[in-house]
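K.L.:
Spelled out from the first residue to the last, the chains are:
Protein chains: 2
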Amino acid sequence: MATLTFSILGMSCGHCVAAVRRALESVPGITIHDVQIGSATVETIGPAPVDSIKAALSEEGYEADVVR
Amino acid sequence: MATLTFSILGMSCGHCVAAVRRALESVPGITIHDVQIGSATVETIGPAPVDSIKAALSEEGYEADVVR
Numbered sequence: 001m002a003t004l005t006f007s008i009l010g011m012s013c014g015h016c017v018a019a020v021r022r023a024l025e026s027v028p029g030i031t032i033h034d035v036q037i038g039s040a041t042v043e044t045i046g047p048a049p050v051d052s053i054k055a056a057l058s059e060e061g062y063e064a065d066v067v068r
Numbered sequence: 101m102a103t104l105t106f107s108i109l110g111m112s113c114g115h116c117v118a119a120v121r122r123a124l125e126s127v128p129g130i131t132i133h134d135v136q137i138g139s140a141t142v143e144t145i146g147p148a149p150v151d152s153i154k155a156a157l158s159e160e161g162y163e164a165d166v167v168r
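As they're listed, the protein sequences go chains H and Z.
Take our numbering: the final residue in the first sequence is number 68, and no numbers are missing along the way.
Take our numbering: the final residue in the second sequence is number 168, and no numbers are missing along the way.
Bound conformation, chain H alone (with noise of 0.2 Å):
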């Protein structure tokens, strides 16, 4: 298992918080650990969809990046 985190660009509100949320929720194989303003953190169990979850947050107007 390992954890993933994302630096992303766009949140102001806890609205996006909730989108966030939303949007890692629909991405299969991550467990969420932490979402804030400004990042998230995932757990992942096989290869890390880096990928697809950047799409996942891409679609919700906002830009990820895997910070560690």
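Worth double-checking, as some hints may not be accurate.
What the hints assert, rightly or not - So, partial list: chain H residues that the calculated Cβ filter (under 7 Å) puts toward chain Z:
| hint | residue |
| --- | --- |
| 1 | T5 |
| 2 | H15 |
| 3 | C16 |
| 4 | Y62 |
What the hints assert, rightly or not - Here are the computed lysine to any residue pairs in the SDA-like style, where the Cα-Cα straight-line distance is at most 25 Å:
| hint | chain 1 | residue 1 | chain 2 | residue 2 |
| --- | --- | --- | --- | --- |
| 5 | H | K54 | Z | H115 |
| 6 | Z | K154 | H | C13 |
| 7 | H | K54 | Z | G114 |
| 8 | Z | K154 | H | S12 |
What the hints assert, rightly or not - Every beta carbon over 12 Å from chain Z, so not counted as near; a handful from chain H, in silico:
| hint | residue |
| --- | --- |
| 9 | M1 |
| 10 | T44 |
| 11 | G46 |
| 12 | D65 |
Hints listed in this document are in silico derivations from the structure and should not be mistaken for laboratory results.
Just so you know, even glycine gets a beta-carbon here, dropped at the ideal spot from N, CA and C.
Following the hints, position chain Z against chain H.
P.N.:
Chain Z only, in chain H's frame:
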């Protein structure tokens, strides 16, 4: 018919615009003219329901005041 513009604190993104619009839609006696980040303009027919508007926005977490 009167036009009322509110200054609204706490709005930061498109989700907030949507939340404010939904809150205003719940107030009887007004028609929404415009909602932007930081302000909203409504048209009223009868007596202006200023307190109802402020209460509806407050429930969503936004502090509003009439500016004109």
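K.L.:
If you test the structure against every hint from before, which numbers come out violated?
P.N.:
1, 4
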